[in-house]
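In the order they appear, the protein sequences are chains A and B.
Going by the numbering used here, the residue at position 121 of the first sequence is 121; the numbering climbs one at a time, nothing skipped.
The number in the numbering used here is simply the position in the second sequence, starting from 1, with 421 added.
To be clear, the hints were calculated from the coordinates, so they are not data collected in a lab.
Careful, some of the hints might be misleading.
Listed next, the in silico PhoX-like pairs over lysine-lysine satisfying Cα-Cα at most 25 Å (straight line) [said to hold, decoys possible]:
1) A:Lys268 / B:Lys538
2) A:Lys274 / B:Lys607
3) B:Lys538 / A:Lys137
4) B:Lys463 / A:Lys143
5) A:Lys137 / B:Lys448
6) A:Lys274 / B:Lys612
7) B:Lys693 / A:Lys274
8) A:Lys201 / B:Lys538
9) B:Lys463 / A:Lys136
10) B:Lys538 / A:Lys162
11) A:Lys268 / B:Lys448
12) A:Lys14 / B:Lys467
13) A:Lys143 / B:Lys448
14) B:Lys689 / A:Lys155
15) A:Lys238 / B:Lys463
16) B:Lys538 / A:Lys143
17) A:Lys8 / A:Lys205
18) A:Lys136 / B:Lys448
19) A:Lys155 / B:Lys463
20) A:Lys205 / B:Lys538
21) A:Lys238 / B:Lys538
22) A:Lys137 / B:Lys463
23) B:Lys693 / B:Lys448
24) A:Lys14 / A:Lys67
25) A:Lys162 / B:Lys693
26) B:Lys463 / A:Lys274
27) B:Lys607 / A:Lys19
28) A:Lys162 / B:Lys463
29) A:Lys274 / A:Lys287
30) B:Lys693 / A:Lys19
31) A:Lys136 / B:Lys538
32) B:Lys538 / A:Lys275
33) B:Lys448 / A:Lys275
34) A:Lys14 / B:Lys538
35) A:Lys19 / B:Lys538
36) B:Lys689 / A:Lys19
37) A:Lys60 / B:Lys693
38) A:Lys60 / B:Lys538
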Amino acid sequence: MKASKKEKTIIEVKHLSKKYGIGIDTTYKTLSESITSAVRHPIKTLKDFRSQNETFWALKDVNFEVKRGEVLGIIGRNGAGKSTLLKILSRITYPTEGEVRLLGRVGSLLEVGTGFHSELSGRENIYFNGSILGMKKREIDEKFDEIVKFSGVEKFLDTPVKRYSSGMQVRLAFSVAANLDPEILVVDEVLAVGDVEFQKKCLGKMSEVAEGGRTVLFVSHNTGAIQNLCQRCILLNKGHIINNGETADVISQYLNIGLQVSDKSVFKRDISNKKLAFTDINLYNTKGEIITKSTSDENILVVINYDLNVQLTGVQICFEIFDQNGICILSSTNFDSNIKMRTISQKPGKYVAKCLLNTSFLRNGLYSITINSSIPHVEYLDEIEFATRFEIESPLDITNVLSQNRRGIIFKNLIWQIDQC
Amino acid sequence: MTEHATDYELVIRPKYGLLDINWQELKEYRELLFFLALREVKIRYKQTIMGASWALLQPLFTMIVFTLIFGRLAHMPSDGVPYPIFSYAGLLLWTYFSNALSQSSSSLVDNAPLLSKVYIPRIFIPTTPCLSGLVDYGIAMSIILIMMVYYRFVPGISILLLPFIILLTFMLASGVGYWLSSICVKYRDVKYIVPFFVQLLLFISPVIYPSNIVGENLRLLLYLNPLTGLIGAHRACLLGHIPVDFVGLGISALLTIVIFVSGIMYLKHTEKYFADLI
Chain A
1 MKASKKEKTI
11 IEVKHLSKKY
21 GIGIDTTYKT
31 LSESITSAVR
41 HPIKTLKDFR
51 SQNETFWALK
61 DVNFEVKRGE
71 VLGIIGRNGA
81 GKSTLLKILS
91 RITYPTEGEV
101 RLLGRVGSLL
111 EVGTGFHSEL
121 SGRENIYFNG
131 SILGMKKREI
141 DEKFDEIVKF
151 SGVEKFLDTP
161 VKRYSSGMQV
171 RLAFSVAANL
181 DPEILVVDEV
191 LAVGDVEFQK
201 KCLGKMSEVA
211 EGGRTVLFVS
221 HNTGAIQNLC
231 QRCILLNKGH
241 IINNGETADV
251 ISQYLNIGLQ
261 VSDKSVFKRD
271 ISNKKLAFTD
281 INLYNTKGEI
291 ITKSTSDENI
301 LVVINYDLNV
311 QLTGVQICFE
321 IFDQNGICIL
331 SSTNFDSNIK
341 MRTISQKPGK
351 YVAKCLLNTS
361 FLRNGLYSIT
371 INSSIPHVEY
381 LDEIEFATRF
391 EIESPLDITN
401 VLSQNRRGII
411 FKNLIWQIDQ
421 C
Chain B
422 MTEHATDYEL
432 VIRPKYGLLD
442 INWQELKEYR
452 ELLFFLALRE
462 VKIRYKQTIM
472 GASWALLQPL
482 FTMIVFTLIF
492 GRLAHMPSDG
502 VPYPIFSYAG
512 LLLWTYFSNA
522 LSQSSSSLVD
532 NAPLLSKVYI
542 PRIFIPTTPC
552 LSGLVDYGIA
562 MSIILIMMVY
572 YRFVPGISIL
582 LLPFIILLTF
592 MLASGVGYWL
602 SSICVKYRDV
612 KYIVPFFVQL
622 LLFISPVIYP
632 SNIVGENLRL
642 LLYLNPLTGL
652 IGAHRACLLG
662 HIPVDFVGLG
672 ISALLTIVIF
682 VSGIMYLKHT
692 EKYFADLI
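Work out the full structure: start from the sequences and follow the hints.
Okay, structure coming up:
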């Protein structure tokens, strides 16, 4: 292929591996805690002890290169190693093996608003947050007006951030990060926050950055956004790169993985620092049995379990049903039937969300369900892609009723009437 | 080879050398240290009625209590100077040191989001409270100036040593802070040990009493506490009542440098795993 100066390699990842001890979350106990827990749960402690020796490779022998000006998408299911990869690239954690060579400053949007202090004014937080992200005071001075304009909080610049609405805080934080000028920009899931208008602004800003000749690494569950922004994509699965190529190909392979996997391993992850974490999802028939298959004339009860670690108000729980082609054919949230849930406050604890799914609109085939949770316009909480799947197998399928392939993603039995006139 | 000589190249590898400080990076980020300290100063007394006067009141009230108990009741010797100014000259440095140390040792855990979400030179985090504490020290200094006027004390030439003593105390607090904050990431026991440790340290440092009331044989033991030389010299150079004990100051300086450098090394050695453990 052509090898011009522009195609200089900016990121070079060689044999990168990262190992975690599985018992990692038990390591910061105090001494007395370890003793009491050993006395109380001897069997569990023994298991813990054994699992300490078990290790888990979050990334294993990952190799890739990114050229100047490229926008590389990184996709994969929960636990595939995406976040670990980004954390290594932004130097938050270190690899166990291998190395990364970076040519240029890395700006990371792993978490917007880090270091925001609620007692400080918007203006002070812009300076502080900017410098945490690696900007010089001079740079922030230059960009100040742009940041303020982008965020739309002009009037409240000298108000302490604690008086801001949560949406305003997020917008301000993102604006600071988006106006960074690094050679390499690392973006993770920030688009899940903010309203549609603001998301558009953010996507626009990212393509602007890429057009300016800088390199962007973009991790998202939003396959639509990935498709729009990235020419090339990496698919991670269980710490390995299983595909590295044209975005469209990689995305279709990714969606296929989703249809194949149906175990509960996606729920096994470190949830200690999550405000809300999904713990399980099950589908039941009307007799109360767990099912993976159903017919289009039987209702399915979707039961989603989650843990809340802090008190939150206005938690939205959502599930999305994808068909075999990766098209989302339905999304439903707990706000749909009861808008008052927006103002309900939930105390920490275990919760179960149930929704009765009338499947009469589903045609025969395999479907997968993705669950996610957020406080709309404020905060993205948790997401499990392809958390479960089910199959619709009706004895009398409309496709068979007609002798040809009928089109249409969904089916609705409509009443027809034919009169002779 | 490269088109731009200014190209900034970074290699992320699993292992680094023992004292591998990236000076270029520290230079890049130097403004951040200032912003971190500024933030700390700005938020410290937010939403308090007394505001920054807390920086005065804390050593002032301690001085009053000490004067009543140790000066009046116990008749503690004080190098021949009035007990209030004697104890305050010690408390001034002690208050700075103990506050800086307490905050520094829990700083990494308290700032967990800074560790797990963004990259900044980790060493800045435990350094920040030691820097911002200097502002409180400066504020509390005004009381001793008033007392010096009242008691007619004129500092001698040895006052020139003051910046050096402050620098050493800063290094000592940071050095111990580097050790304790790094350990605290893994063992939260540190949180419970520090307040207790600081309390005990007050009694083995010459804040309440002059170091010369301790017998010769025990004096050496007292010198092993690097604060002994620092507090003694701090008091002597402010009040000029006795000559500065250069032996004590020298031992303190040596110990401080050892603690400071080894603290940096320990922090550098463990920082790779902070984000995984916190």
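Hints, verified against the model:
{"no.": "1", "hint": "A:Lys268 / B:Lys538", "result": "holds (22 Å)"}
{"no.": "2", "hint": "A:Lys274 / B:Lys607", "result": "holds (20 Å)"}
{"no.": "3", "hint": "B:Lys538 / A:Lys137", "result": "holds (21 Å)"}
{"no.": "4", "hint": "B:Lys463 / A:Lys143", "result": "holds (23 Å)"}
{"no.": "5", "hint": "A:Lys137 / B:Lys448", "result": "holds (13 Å)"}
{"no.": "6", "hint": "A:Lys274 / B:Lys612", "result": "holds (24 Å)"}
{"no.": "7", "hint": "B:Lys693 / A:Lys274", "result": "holds (22 Å)"}
{"no.": "8", "hint": "A:Lys201 / B:Lys538", "result": "holds (23 Å)"}
{"no.": "9", "hint": "B:Lys463 / A:Lys136", "result": "holds (20 Å)"}
{"no.": "10", "hint": "B:Lys538 / A:Lys162", "result": "holds (21 Å)"}
{"no.": "11", "hint": "A:Lys268 / B:Lys448", "result": "violated (42 Å)"}
{"no.": "12", "hint": "A:Lys14 / B:Lys467", "result": "violated (48 Å)"}
{"no.": "13", "hint": "A:Lys143 / B:Lys448", "result": "holds (22 Å)"}
{"no.": "14", "hint": "B:Lys689 / A:Lys155", "result": "violated (43 Å)"}
{"no.": "15", "hint": "A:Lys238 / B:Lys463", "result": "violated (45 Å)"}
{"no.": "16", "hint": "B:Lys538 / A:Lys143", "result": "holds (23 Å)"}
{"no.": "17", "hint": "A:Lys8 / A:Lys205", "result": "holds (23 Å)"}
{"no.": "18", "hint": "A:Lys136 / B:Lys448", "result": "holds (11 Å)"}
{"no.": "19", "hint": "A:Lys155 / B:Lys463", "result": "holds (22 Å)"}
{"no.": "20", "hint": "A:Lys205 / B:Lys538", "result": "holds (22 Å)"}
{"no.": "21", "hint": "A:Lys238 / B:Lys538", "result": "holds (22 Å)"}
{"no.": "22", "hint": "A:Lys137 / B:Lys463", "result": "holds (18 Å)"}
{"no.": "23", "hint": "B:Lys693 / B:Lys448", "result": "holds (20 Å)"}
{"no.": "24", "hint": "A:Lys14 / A:Lys67", "result": "holds (15 Å)"}
{"no.": "25", "hint": "A:Lys162 / B:Lys693", "result": "violated (33 Å)"}
{"no.": "26", "hint": "B:Lys463 / A:Lys274", "result": "violated (30 Å)"}
{"no.": "27", "hint": "B:Lys607 / A:Lys19", "result": "holds (18 Å)"}
{"no.": "28", "hint": "A:Lys162 / B:Lys463", "result": "holds (15 Å)"}
{"no.": "29", "hint": "A:Lys274 / A:Lys287", "result": "violated (34 Å)"}
{"no.": "30", "hint": "B:Lys693 / A:Lys19", "result": "holds (13 Å)"}
{"no.": "31", "hint": "A:Lys136 / B:Lys538", "result": "holds (19 Å)"}
{"no.": "32", "hint": "B:Lys538 / A:Lys275", "result": "holds (15 Å)"}
{"no.": "33", "hint": "B:Lys448 / A:Lys275", "result": "violated (36 Å)"}
{"no.": "34", "hint": "A:Lys14 / B:Lys538", "result": "holds (24 Å)"}
{"no.": "35", "hint": "A:Lys19 / B:Lys538", "result": "holds (19 Å)"}
{"no.": "36", "hint": "B:Lys689 / A:Lys19", "result": "holds (20 Å)"}
{"no.": "37", "hint": "A:Lys60 / B:Lys693", "result": "holds (19 Å)"}
{"no.": "38", "hint": "A:Lys60 / B:Lys538", "result": "holds (22 Å)"}
Violated hints, in rising order: 11, 12, 14, 15, 25, 26, 29, 33; the structure is consistent with all others.
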